[in-house]
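Student: Can you make the complete structure from the sequences, with help from the hints?
Given next are the chains, with one letter for each unit.
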Amino acid sequence: GENVEQHPSTLSVQEGDSAVIKCTYSDSASNYFPWYKQELGKGPQLIIDIRSNVGEKKDQRIAVTLNKTAKHFSLHITETQPEDSAVYFCAAPYYNQGGKLIFGQGTELSVKP
Amino acid sequence: EAGVAQSPRYKIIEKRQSVAFWCNPISGHATLYWYQQILGQGPKLLIQFQNNGVVDDSQLPKDRFSAERLKGVDSTLKIQPAKLEDSAVYLCASSQQGGGAEAFFGQGTRLTVV
Chain A
4 GENVEQHPST LSVQEGDSAV IKCTYSDSAS NYFPWYKQEL GKGPQLIIDI
54 RSNVGEKKDQ RIAVTLNKTA KHFSLHITET QPEDSAVYFC AAPYYNQGGK
104 LIFGQGTELS VKP
Chain B
4 EAGVAQSPRY KIIEKRQSVA FWCNPISGHA TLYWYQQILG QGPKLLIQFQ
54 NNGVVDDSQL PKDRFSAERL KGVDSTLKIQ PAKLEDSAVY LCASSQQGGG
104 AEAFFGQGTR LTVV
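Taken in sequence, the protein lines are chains A and B. Quick note, in the numbering used here, the first sequence goes up one by one and the last residue is 116. Quick note, in the numbering used here, the second sequence goes up one by one and the last residue is 117.
The hints are simulated quantities; they were obtained by calculation from the structure and are not laboratory data. Treat the hints with care, as some may be off.
Some chain B residues judged to face chain A by a derived CB distance under 7 Å, without partners named [stated by the list, open to error]:
#1 G45
#2 L48
#3 D59
#4 E105
#5 A106
#6 F108
#7 Q110
#8 G111
Using C-beta positions, here's what the derived DEER-type ranges look like [as the list claims (entries may be wrong)]:
#9 E111(A) to P64(B): 25 to 31 Å
#10 K115(A) to W25(B): 38 to 44 Å
#11 W25(B) to Y98(A): 28 to 34 Å
#12 L43(A) to S21(B): 25 to 31 Å
Only a predicted model underlies this, so the values are computations on that prediction, with no experimental measurement involved. Every residue gets a Cβ at the ideal spot worked out from N, C-alpha and C, and that includes glycine.
Tutor: The structure is reproduced here in structure tokens:
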């Protein structure tokens, strides 16, 4: 069935270190993989996404990698800053049900100064 | 470009009462989603509209929840009667199309049922 697994559920790093969050999905037809950042009291905000025709995409300190064979994708944040502290969600669409976007369980990232 | 607008931001009601949430998506976005986010969990899709038609409502508790999207623009989500377990943030999102298109979220409505 439709499922997106996300790990870890919590992640604590020192400012300047890197952070990596991993997700796996089950629908082999999924071809779009967004990452969202959610700050307290706000809605999720799209920060980066990747489509299945590429294996990696980078935007300044944020990068996403995709392994379609293994059905997993990862978010990499380098040189972390305290303002990166938030909950991060991955998602994937399930085309056997109209392309509905299924979210992972979330990762609470804490960056300590 | 204006974002997704939702109202109210907060609502407190007693169990068995009814409540309605409103969403105005980004102009031109054909797809509209309602998600329920329970504290500490990822958003769970309740219903997805394509224009004014329902694409998926398999996770909508239809005995108490209803949603409509008149004229393919604004949408309302209603709960009647509310239960304690309905306490959550209700998020509205929109995208130009379903599936592999960027979805943009509103700030959400935090519902507390007491």
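Student: Could you run down the list of hints and mark each one as holding or not?
Tutor: Status of the hints after comparison with the structure:
{"no.": "1", "hint": "G45", "in the structure": "holds (4 Å)"}
{"no.": "2", "hint": "L48", "in the structure": "holds (5 Å)"}
{"no.": "3", "hint": "D59", "in the structure": "holds (5 Å)"}
{"no.": "4", "hint": "E105", "in the structure": "holds (6 Å)"}
{"no.": "5", "hint": "A106", "in the structure": "holds (6 Å)"}
{"no.": "6", "hint": "F108", "in the structure": "holds (4 Å)"}
{"no.": "7", "hint": "Q110", "in the structure": "holds (5 Å)"}
{"no.": "8", "hint": "G111", "in the structure": "holds (5 Å)"}
{"no.": "9", "hint": "E111(A) to P64(B): 25 to 31 Å", "in the structure": "holds (28 Å)"}
{"no.": "10", "hint": "K115(A) to W25(B): 38 to 44 Å", "in the structure": "holds (40 Å)"}
{"no.": "11", "hint": "W25(B) to Y98(A): 28 to 34 Å", "in the structure": "holds (30 Å)"}
{"no.": "12", "hint": "L43(A) to S21(B): 25 to 31 Å", "in the structure": "holds (28 Å)"}
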